[in-house]
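**Student:** Sequences listed follow chains H and Z, in order.
The first sequence begins at 1 in this note's numbering and counts up by one.
The second sequence begins at 1001 in this note's numbering and counts up by one.
Possibly wrong hints are sitting among the right ones.
Away from chain Z, derived, C-beta distances all over 10 Å, residues of chain H [said to hold, decoys possible]:
(1) L28
(2) E34
(3) V46
(4) A88
(5) L127
(6) A131
(7) A132
(8) A195
(9) D225
For each label pair, taking beta carbons as the anchor points, the in silico distance ranges come out as [claimed, not checked]:
(10) H:A224 to Z:Y1216: 53 to 59 Å
(11) H:A132 to Z:W1233: 57 to 63 Å
(12) Z:A1172 to H:A224: 40 to 46 Å
(13) Z:P1187 to H:A224: 52 to 58 Å
(14) Z:G1218 to H:D225: 44 to 50 Å
(15) Z:W1233 to H:P133: 53 to 59 Å
Chain Z is nowhere near these chain H residues, computed Cβ spacing over 12 Å in every case [claimed, not checked]:
(16) A10
(17) R29
(18) R32
(19) R38
(20) A47
(21) L103
(22) V145
(23) L156
(24) A160
(25) D171
(26) G180
(27) R205
(28) R213
(29) T223
(30) E227
Simulated from the structure, these hints should not be mistaken for laboratory data.
Quick caveat, the model's predicted, so the values are computed rather than measured.
Built from N, CA and C at the ideal position, the CB exists for glycine as well.
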Amino acid sequence: MHVPDGFFTASVSVAAGVVAAAGVGVALRNARQELDDRAAPMAGLVAAFIFAVQMLNFPVAAGTSGHLLGGALAAILVGPYTAVLCMAVVLLVQGFFFADGGLTALGVNITLMGIVTAAVAWGVFRLIVRAAPGNRAAVVAGSFVAALVSVPASALTFAALFAVGGTAPIDAGAVAAAMGGVHVLIGIGEGLITAVTVSSVLAVRPDLVYGARGLAKPLVLRTADGEREVAPQPVSQPAPEGRPFRPFLVGAGVVTLLLAGVVSFFASGDPDGLERVAEDKGFLGQAGEHQFGGFALADYGDVGGIPVGVAGVIGVLITLAVGVGVAYLARRRRAKAVA
Amino acid sequence: MGAGHHHQLYRPGDTPVHRLPPQCKLLAVVAFAIVVVATPRERFWAFGAYAVLLAGVAVVARVPPGFVIRRMVVELPFLLFVFAIPVIGLGERVEVLGLELSREGLWASWNILAKATLGVVASILLAATTEPRAMILGAQRLRVPQLLVQIAMFMVRYLDVIMDETRRMRVARESRGFRARDLRQAPILAKSAGALFIRSYERGERVHLAMLSRGYTGTMPVISDMSAGVRQWLTAGALPLAAAAVAVLTTLLAHLPGLGLT
């Protein structure tokens, strides 16, 4: 799954990098609420755990084996923000220490495997758990469905990025179908392992499962005379409000759109190899009714007649939508914590 | 992904590359990767020159070629995809060795192959010459958010502990006759993962308490002086600067009429 260098166009890489940075920024601000002062050591440990779990290979079908992505598992065990941080650190360590995944594709990798998996899994998980509150089976079922959905969601985001700014001339629909199909299968394995893992942690230390905090029963004290007293629940303090985040977000968005829309003008100012050959051979004119139409957005969008830069902006908007989703969740959660 | 991860790539040594401050090397490799990715794919000479530059770094750092090649297996999954692109790619067909291949697909394969390979080799050279701990301190000097640096630091320190725990659990499973044959065995692996999480988390809590009682305040003390001088920045910058020079040069040559270098 680790995307190497050169797989996506520059504008998509930059846009995904900005989304990843914004997502990690939001997670940095909120992770302390999930893990209080132990944030760094425990998140580091969970990151190492995810790294180890990714090496548990399980056979999918004859001859092929898959391994956990871990985004859904981390989100349910330690909370979505910590999960994003852990996945980001895992991917950074894999990129810099193990040469796995391109350094210029880090933004893409963190967006796909960290932010999308954790955000989608957490959203699905919350939906299911809210439908049946206080139910342990719902937590396990929710883990299964959340992990199952998170893997194809990540694969489809990959396909969407590919349609906007992939460097390979493959029909975007075919990529989406192939990626989606294979990853539904992998998702079943991911869902199964995630659900059983969560259920086995629930059986031993239910207090460690972030997604099952509502399940804890109040502590009942029984005295020798048979009196029963329900101990008060510890009240968690909401974290103090930080600096406003909105100016930063708006600024980052404007810079990204400028980069994608304007810089890609310069990036593709001179015709690249195919276009040059196309001009020389004089078949650029037929490109319109050629199969090129299927990937009009690919290759900076200047083959299918779409203005240069527009493709970059579309890429930014799609990737930004993911980031905005994360930010929206963050805001709602904080609003609830204050209320 | 795969089994290769457990072995750190770092090769101890005392070469000019090893001695460079980590923050310089980090920035240099990232800048080099950006230059490589930004180079238009039809500039064949530029990619050759980049490969020569990397080979030069490998010679100075005394990293044997076999070491780099063995580590390049991380690229394999994507290589399979790269070889499929010309076959399933769209667009005009050309005949190569009796096969009908997509012209645009061949260009795309070359593009990904060249850039991904150069990127992987640059990362391998960075990891081979920089101690993981030093790399994180370098990131800290580059003003990477404190919390991320701390998480990465803890992760690197816990990694071997947890990998050993995983290995012991695997030995225990296998000595009881366990073999993962198909998806039906997945629940056993999942229970192992659950046990691993609880063991790791409890260990983490104990270690954290021990650290607090020894005066940990949320940041690790930096003992060694890691500042980099102008000369060290220039030494590290030689790689990306040379690469940028190659990129500019080949672009100029491509635009000069009469020189058919492209």
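**Student:** Indicate, hint by hint, whether the structure satisfies it.
**Tutor:** Checked hints:
Distance to chain Z contradicts L28 of chain H as a non-interface residue, since its nearest Cβ pair spans about 5 Å, not more than 10 Å. Distance to chain Z confirms E34 of chain H as a non-interface residue, since its nearest Cβ pair spans about 12 Å, more than 10 Å. Its closest Cβ contact with chain Z, about 8 Å, brings V46 of chain H to no more than 10 Å, contrary to its assignment away from the interface. Annotated as non-interface, A88 of chain H brings its C-beta within 10 Å of a C-beta of chain Z; the closest such distance is 7 Å.
For L127 of chain H, the non-interface assignment is confirmed: its Cβ lies about 23 Å from the closest Cβ of chain Z, beyond the 10 Å cut-off. Distance check for A131 of chain H against chain Z: the nearest CB is about 24 Å away, which clears 10 Å, and the non-interface claim stands. Under the 10 Å C-beta cut-off, the non-interface status given to A132 of chain H relative to chain Z holds; the minimum distance is some 22 Å. Listed as a non-interface residue, A195 of chain H fails to keep its Cβ farther than 10 Å from every Cβ of chain Z; the least gap is roughly 8 Å.
Distance check for D225 of chain H against chain Z: the nearest CB is about 36 Å away, which clears 10 Å, and the non-interface claim stands. For the pair A224 of chain H and Y1216 of chain Z, the supplied restraint of 53 to 59 Å is violated, since their beta-carbon distance comes to about 42 Å. Range check, A132 of chain H to W1233 of chain Z: about 59 Å between beta-carbon atoms, so the 57 to 63 Å window is met. One distance hint, 40 to 46 Å for the beta-carbon pair A1172 of chain Z and A224 of chain H, holds here, with the actual separation near 43 Å.
Evaluation of the 52 to 58 Å hint for P1187 of chain Z and A224 of chain H yields a failure: the beta carbon distance comes to about 44 Å. Between G1218 of chain Z and D225 of chain H the C-beta distance comes to about 46 Å, which sits within the given range of 44 to 50 Å. Range check, W1233 of chain Z to P133 of chain H: Cβ separation about 57 Å, and the 53 to 59 Å hint holds. Against the 12 Å criterion, A10 of chain H falls within the reach of chain Z, whose nearest CB is about 6 Å from its own CB.
Consistency note on R29 of chain H: stated as away from chain Z, yet its beta-carbon is not over 12 Å from all of that chain's, at 10 Å minimum. With a least CB separation of 8 Å from chain Z, R32 of chain H falls inside the 12 Å interface cut-off, contrary to its annotation. Interface exclusion of R38 of chain H from chain Z breaks down, the closest Cβ pair being 6 Å apart, not more than 12 Å. A beta-carbon of chain Z comes within 12 Å of the beta-carbon of A47 of chain H; the shortest separation is about 4 Å.
Not every CB of chain Z lies more than 12 Å from the CB of L103 of chain H, the least distance being 4 Å, so the non-interface label is violated. For V145 of chain H, the shortest C-beta to C-beta distance to chain Z comes to about 16 Å, beyond the 12 Å cut-off, and the non-interface label holds. Every beta carbon of chain Z lies more than 12 Å from that of L156 of chain H, the smallest distance being close to 17 Å; the non-interface claim holds. In this structure A160 of chain H is separated from chain Z by more than 12 Å, as the shortest Cβ-Cβ distance comes to about 17 Å.
Listed as a non-interface residue, D171 of chain H fails to keep its Cβ farther than 12 Å from every Cβ of chain Z; the least gap is roughly 6 Å. At roughly 16 Å, the least C-beta separation between G180 of chain H and chain Z is larger than 12 Å, which holds for a residue marked as non-interface. The Cβ of R205 of chain H sits about 5 Å from the closest Cβ of chain Z, inside the 12 Å cut-off, so the non-interface label is violated. The beta carbon of R213 of chain H sits about 15 Å from the closest Cβ of chain Z, which is more than 12 Å, so the claim that it is off the interface holds.
Distance to chain Z confirms T223 of chain H as a non-interface residue, since its nearest Cβ pair spans about 30 Å, more than 12 Å. Non-interface status of E227 of chain H relative to chain Z is upheld: no Cβ of that chain comes within 12 Å, the nearest being about 33 Å off.
Checked against the numbered hints listed earlier, the structure breaks hints 1, 3, 4, 8, 10, 13, 16, 17, 18, 19, 20, 21, 25, 27; every other hint is satisfied.
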